[in-house]
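Visitor: Residue-level listing of the chains:
Protein chains: 2
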Amino acid sequence: MAGKLTISKVEVLDVRFPTSLEAHGSDAMHTDPDYSCAYVVIHVSENPQLKGYGLTFTCGRGTEIVVQAVKTLRFLVEGQDCKKIWSDFATFYRNLTSESQIRWVGPEKGVIQLATAAIVNAIWDLWGRHENKPVWKLLVDLSPEQLVSTIDFRYIRDVITPEECIAMLKEKKGTAGEREKELLQGKGYPAYTTSVGWLGYSDERILRLTQEQLALGLVSFKVKVGQNLEDDKRRLRSVRKAIGPNNKLMIDANQRWEVQESIDWVTALKEFNLLWIEEPTSPDDILGHATIAKALKPLGIGVATGEMCQNRVIFKQLFQANAISFCQIDSCRVGGVNENLAIYFMAKKFGIPVCPHAGGVGLCGFVQHLQVWDFISLSGSMENRMIEWVDHLHENFYSPPVVKDGHYLVPKDPGYSGQMKEESIATYEFPKGTYWSNVADGQASVQPTMVCQ
Amino acid sequence: MAGKLTISKVEVLDVRFPTSLEAHGSDAMHTDPDYSCAYVVIHVSENPQLKGYGLTFTCGRGTEIVVQAVKTLRFLVEGQDCKKIWSDFATFYRNLTSESQIRWVGPEKGVIQLATAAIVNAIWDLWGRHENKPVWKLLVDLSPEQLVSTIDFRYIRDVITPEECIAMLKEKKGTAGEREKELLQGKGYPAYTTSVGWLGYSDERILRLTQEQLALGLVSFKVKVGQNLEDDKRRLRSVRKAIGPNNKLMIDANQRWEVQESIDWVTALKEFNLLWIEEPTSPDDILGHATIAKALKPLGIGVATGEMCQNRVIFKQLFQANAISFCQIDSCRVGGVNENLAIYFMAKKFGIPVCPHAGGVGLCGFVQHLQVWDFISLSGSMENRMIEWVDHLHENFYSPPVVKDGHYLVPKDPGYSGQMKEESIATYEFPKGTYWSNVADGQASVQPTMVCQ
Numbered sequence: 001m002a003g004k005l006t007i008s009k010v011e012v013l014d015v016r017f018p019t020s021l022e023a024h025g026s027d028a029m030h031t032d033p034d035y036s037c038a039y040v041v042i043h044v045s046e047n048p049q050l051k052g053y054g055l056t057f058t059c060g061r062g063t064e065i066v067v068q069a070v071k072t073l074r075f076l077v078e079g080q081d082c083k084k085i086w087s088d089f090a091t092f093y094r095n096l097t098s099e100s101q102i103r104w105v106g107p108e109k110g111v112i113q114l115a116t117a118a119i120v121n122a123i124w125d126l127w128g129r130h131e132n133k134p135v136w137k138l139l140v141d142l143s144p145e146q147l148v149s150t151i152d153f154r155y156i157r158d159v160i161t162p163e164e165c166i167a168m169l170k171e172k173k174g175t176a177g178e179r180e181k182e183l184l185q186g187k188g189y190p191a192y193t194t195s196v197g198w199l200g201y202s203d204e205r206i207l208r209l210t211q212e213q214l215a216l217g218l219v220s221f222k223v224k225v226g227q228n229l230e231d232d233k234r235r236l237r238s239v240r241k242a243i244g245p246n247n248k249l250m251i252d253a254n255q256r257w258e259v260q261e262s263i264d265w266v267t268a269l270k271e272f273n274l275l276w277i278e279e280p281t282s283p284d285d286i287l288g289h290a291t292i293a294k295a296l297k298p299l300g301i302g303v304a305t306g307e308m309c310q311n312r313v314i315f316k317q318l319f320q321a322n323a324i325s326f327c328q329i330d331s332c333r334v335g336g337v338n339e340n341l342a343i344y345f346m347a348k349k350f351g352i353p354v355c356p357h358a359g360g361v362g363l364c365g366f367v368q369h370l371q372v373w374d375f376i377s378l379s380g381s382m383e384n385r386m387i388e389w390v391d392h393l394h395e396n397f398y399s400p401p402v403v404k405d406g407h408y409l410v411p412k413d414p415g416y417s418g419q420m421k422e423e424s425i426a427t428y429e430f431p432k433g434t435y436w437s438n439v440a441d442g443q444a445s446v447q448p449t450m451v452c453q
Numbered sequence: 001m002a003g004k005l006t007i008s009k010v011e012v013l014d015v016r017f018p019t020s021l022e023a024h025g026s027d028a029m030h031t032d033p034d035y036s037c038a039y040v041v042i043h044v045s046e047n048p049q050l051k052g053y054g055l056t057f058t059c060g061r062g063t064e065i066v067v068q069a070v071k072t073l074r075f076l077v078e079g080q081d082c083k084k085i086w087s088d089f090a091t092f093y094r095n096l097t098s099e100s101q102i103r104w105v106g107p108e109k110g111v112i113q114l115a116t117a118a119i120v121n122a123i124w125d126l127w128g129r130h131e132n133k134p135v136w137k138l139l140v141d142l143s144p145e146q147l148v149s150t151i152d153f154r155y156i157r158d159v160i161t162p163e164e165c166i167a168m169l170k171e172k173k174g175t176a177g178e179r180e181k182e183l184l185q186g187k188g189y190p191a192y193t194t195s196v197g198w199l200g201y202s203d204e205r206i207l208r209l210t211q212e213q214l215a216l217g218l219v220s221f222k223v224k225v226g227q228n229l230e231d232d233k234r235r236l237r238s239v240r241k242a243i244g245p246n247n248k249l250m251i252d253a254n255q256r257w258e259v260q261e262s263i264d265w266v267t268a269l270k271e272f273n274l275l276w277i278e279e280p281t282s283p284d285d286i287l288g289h290a291t292i293a294k295a296l297k298p299l300g301i302g303v304a305t306g307e308m309c310q311n312r313v314i315f316k317q318l319f320q321a322n323a324i325s326f327c328q329i330d331s332c333r334v335g336g337v338n339e340n341l342a343i344y345f346m347a348k349k350f351g352i353p354v355c356p357h358a359g360g361v362g363l364c365g366f367v368q369h370l371q372v373w374d375f376i377s378l379s380g381s382m383e384n385r386m387i388e389w390v391d392h393l394h395e396n397f398y399s400p401p402v403v404k405d406g407h408y409l410v411p412k413d414p415g416y417s418g419q420m421k422e423e424s425i426a427t428y429e430f431p432k433g434t435y436w437s438n439v440a441d442g443q444a445s446v447q448p449t450m451v452c453q
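Read top to bottom, the protein sequences are chains A and B. Going by my numbering, the first sequence opens with residue 1, and the numbers climb by one from there. Going by my numbering, the second sequence opens with residue 1, and the numbers climb by one from there.
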């Protein structure tokens with residue numbers, strides 16, 4: 001790797017899709033999301049053709065705050081040599097998350113953590129492109145020592161050490177080739193679908209979509225719940241009937257409930273043979289999730305959460321407290337690939353399967369890399385594991401994820417699958433893209449009747 | 001309260017003081033803070049003289065992100081009738097913290113929570129001014145039902161209910177007048193000082209400041225630790241010698257350590273007879289704090305944290321897990337007065353004294369109101385309670401807090417004590433104030449030699 005790769009510019013754009021018009025993505029807490037992102041492009045001085053593309057998912061309003069945060073963090077990134085970053089990524093990561101003045105407005109949570117993710121994901125994409133490998137393959141091929149050197153272990157050393165992580169990888173190294181072959185030559189990685197049961201959809205639409213997804217080979221289905229118990233029963237009865245007794249059915253409350261309310265509500269739905277209840281209550285409530293998990297265990301219903309858990313310290317405690325049976329990492333909520341690696345290692349140590357969250361823009365593309373790496377290099381297992389599949393907006397990406405016969409096909413293009421098409425940006429950049437400048441007040445959810453593209 | 005009070009404008013300014021030049025506020029994690037704030041002024045249509053002033057404390061870089069967040073939230077505030085807000089404050093608060101699109105970039109944490117605090121604090125200030133009362137007196141005079149109606153109980157109903165809170169207030173109502181008199185006619189509310197022991201100060205300076213503070217009547221002292229154990233020992237020995245065996249001594253690590261490291265380091269300092277160790281590790285690590293608290297209990301050293309704990313859900317768990325002996329609310333970190341009231345009620349229920357964090361800009365001014373209210377209306381006790389006192393930057397406020405003979409004097413001016421002087425804003429607004437436009441690159445901490453005012 002001779003020669004420098006100096007980051008000359010961190011470009012950031014606000015891109016918003018008017019999904020609220022169709023109630024895509026609607027749940028008990030996010031009733032009108034416009035799936036959006038703070039989109040980051042990293043340029044290097046030495047090679048104008050080589051760029052890194054990353055993003056963090058948002059829901060419309062508020063994206064401009066994350067964009068501002070990326071701009072604030074830029075001075076820590078521009079001028080840095082990528083080769084130096086990659087050789088000691090944890091130090092770069094720490095500098096980004098613990099800058100002495102900026103950390104006060106985080107640290108490692110909320111807006112600033114989302115902005116960190118967009119930047120860090122772009123740097124991994126660039127690394128993959130530079131090596132001409134998809135990021136999962138880059139991760140698989142790194143030496144255990146170098147992979148582990150990307151992780152900031154601050155605040156998690158009481159449960160895991162770098163030495164333990166290196167040993168985990170080494171233990172699986174000998175058989176990694178077989179699993180890589182299995183994934184590439186076999187069906188791929190199991191997916192589950194959330195697209196059938198958004199809260200804003202009608203019963204007829206849910207049933208039709210369930211049948212369509214079944215026909216596409218999906219065997220695991222997630223339905224949004226939490227606004228009205230009788231509605232939930234009716235919708236779940238309908239979906240369970242359509243998918244039969246053996247396919248998997250999960251529910252997602254998107255933080256709607258109190259602790260006891262979670263237990264009562266889910267208990268009232270036990271007849272539908274549910275694999276997990278996702279986000280029953282506040283993502284900050286570790287002890288609350290532990291209480292819910294304990295109460296639901298006799299019913300065979302697991303607790304899942306993670307998409308809004310801010311960092312490795314929260315996940316550490318979810319594991320310590322036996323609060324979750326399924327760990328739902330988000331590729332952009334925590335600070336990008338590095339932070340997610342830390343979470344995967346802890347999940348492995350505590351024996352909890354990772355089933356990534358991917359409902360949003362670009363998330364399916366990212367998490368497939370992490371999950372493929374996990375199977376090949378870390379957990380060595382697909383048991384109880386699957387990747388969320390939400391088939392919206394993929395047409396806006398150059399290397400979209402592909403699900404066939406209920407499985408993600410292993411991505412083969414170099415990078416992290418997050419590069420958006422130029423025409424999509426020209427259309428949906430907010431507020432100056434052609435779509436938004438044609439909408440009078442720039443708010444799809446406020447002016448649906450004005451949209452006629 | 002006839003007639004409306006319509007919020008016509010939410011003004012927001014970025015104000016930064018070049019404190020890094022003097023190492024004021026320096027600790028193990030924030031080595032060069034420029035004490036700053038996102039400063040909010042709320043205007044009402046019906047009365048151009050009546051304004052509400054609020055702020056959230058920041059450390060310099062990153063303030064612009066919080067300013068952007070206030071601008072994003074503005075549409076939820078402008079046009080609202082204050083009288084309606086005050087009659088159902090919890091609903092307004094929930095609308096602000098749970099807006100269906102914006103909540104994704106929080107929720108209730110980090111940048112968005114700081115911005116919420118600045119707005120909410122300004123609305124309380126305006127309420128106090130409208131009633132011609134300091135906010136503590138406004139709180140004392142509200143009926144128990146109305147006071148409790150300002151709190152959003154979502155996610156804390158498993159430990160506390162509105163009915164319990166109302167009962168707590170009613171129980172103390174009969175004797176409240178006596179305690180109010182005691183505070184007004186007596187010495188005031190006990191303070192402790194942090195000004196002697198910032199990490200960037202020399203040993204000589206620490207000793208001189210300790211002696212000065214002793215002469216001013218202070219009897220409780222906090223020293224920053226965590227960079228080097230031998231340095232800490234030397235500094236603590238010096239301060240303990242100066243203050244004698246009976247005065248209180250606390251230490252603050254500002255999140256520097258791992259869990260086991262916290263236990264080991266503090267144990268090595270036990271000879272100095274310490275009241276508490278503050279922020280030993282990540283503010284997100286509830287279970288870590290519980291482990292540390294358990295280990296240090298036999299040494300008689302309590303664990304304190306809170307200034308960077310994001311919301312009521314984190315505090316709920318700190319209480320549930322017996323993780324803290326002292327609860328350090330911050331007036332601006334959580335979403336303002338309403339959220340802090342929730343925390344005070346839980347602290348009361350779990351029998352944990354509140355000792356507010358106040359190292360920053362404007363924080364001493366705010367927290368005195370909350371603590372005075374707590375003494376009069378809720379806890380009824382000053383035992384084991386004191387308010388941090390950091391005597392920096394108060395000259396920039398119209399109604400600065402006053403500490404005499406080691407006690408905060410009860411504030412008497414209407415409002416929440418957060419109105420900044422116009423000349424201070426003209427000087428320190430960033431980057432266009434006269435101070436910053438005279439500094440070449442707008443970064444005090446980078447260009448200290450250029451500052452010569």
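Worth flagging that the hints you see were computed from the coordinates, not collected in a lab. Just so you know, not all the hints are guaranteed correct.
As the list claims (entries may be wrong) - Okay, the calculated beta carbon distance ranges per label pair:
id	chain 1	residue 1	chain 2	residue 2	range
1	A	Glu271	B	Glu171	53 to 61 Å
2	B	Glu422	A	Glu423	47 to 55 Å
3	B	Lys84	A	Gly200	50 to 58 Å
4	A	Arg237	B	Leu299	26 to 34 Å
5	A	Thr31	B	Asn322	53 to 61 Å
6	B	Pro162	A	Lys294	55 to 63 Å
7	A	Thr31	B	Leu229	26 to 34 Å
8	A	Leu229	B	Glu271	56 to 64 Å
9	A	Glu171	B	Asn273	47 to 55 Å
10	B	Pro431	A	Asn95	52 to 60 Å
What the hints assert, rightly or not - No more than 27 Å apart at the CA atoms, straight line, and that leaves these computed lysine-lysine pairs for BS3-like:
id	chain 1	residue 1	chain 2	residue 2
11	A	Lys412	A	Lys170
12	B	Lys349	A	Lys294
13	A	Lys233	A	Lys170
14	A	Lys71	B	Lys294
15	A	Lys294	B	Lys294
Even for Gly, the Cβ is constructed at its ideal location relative to N, Cα and C.
Visitor: Could you grab the alpha-carbon distance between Lys294 of chain A and Lys294 of chain B and see if it respects the 27 Å cut-off?
Guide: Given pair Lys294 of chain A, Lys294 of chain B holds - Cα atoms ~24 Å apart, limit 27 Å.
Visitor: Could you say whether the range 53 to 61 Å given as a hint is met by the Cβ separation of Glu271 of chain A and Glu171 of chain B?
Guide: The hint (53 to 61 Å, Cβ to Cβ) is violated, given that Glu271 of chain A and Glu171 of chain B are roughly 45 Å apart.
Visitor: For the pair we were handed, Lys233 of chain A and Lys170 of chain A, check the Cα-Cα distance against 27 Å.
Guide: Outside the cut-off at roughly 47 Å; violated.
Visitor: Please verify whether Lys412 of chain A and Lys170 of chain A have alpha carbons no more than 27 Å apart.
Guide: Holds, at about 25 Å.
Visitor: Does Lys349 of chain B pair with Lys294 of chain A here, judged by a C-alpha cut-off of 27 Å?
Guide: 25 Å, holds
Visitor: Does Lys294 of chain B sit within 27 Å of Lys71 of chain A, going by the straight-line distance between their CA atoms?
Guide: 43 Å, violated
Visitor: Go ahead and decide if the range 47 to 55 Å is satisfied by the Cβ distance of Glu422 of chain B to Glu423 of chain A.
Guide: 51 Å, holds
Visitor: Indicate whether the distance between the beta carbons of Pro162 of chain B and Lys294 of chain A respects the range 55 to 63 Å.
Guide: Distance hint for Pro162 of chain B, Lys294 of chain A is violated at roughly 27 Å.
Visitor: Confirm or reject the claim that Thr31 of chain A and Leu229 of chain B have a C-beta distance inside 26 to 34 Å.
Guide: 53 Å, violated
Visitor: Could you say whether the range 50 to 58 Å given as a hint is met by the Cβ separation of Lys84 of chain B and Gly200 of chain A?
Guide: The hint (50 to 58 Å, Cβ to Cβ) is violated, given that Lys84 of chain B and Gly200 of chain A are roughly 29 Å apart.
Visitor: Using the beta carbons of Leu229 of chain A and Glu271 of chain B, state whether their distance is inside 56 to 64 Å or not.
Guide: 60 Å, holds
Visitor: Starting from the hint 53 to 61 Å, judge whether the C-beta atoms of Thr31 of chain A and Asn322 of chain B obey it.
Guide: 38 Å, violated
In the structure shown, a violation is registered for the earlier hints numbered 1, 3, 4, 5, 6, 7, 10, 13 and 14, in ascending order.
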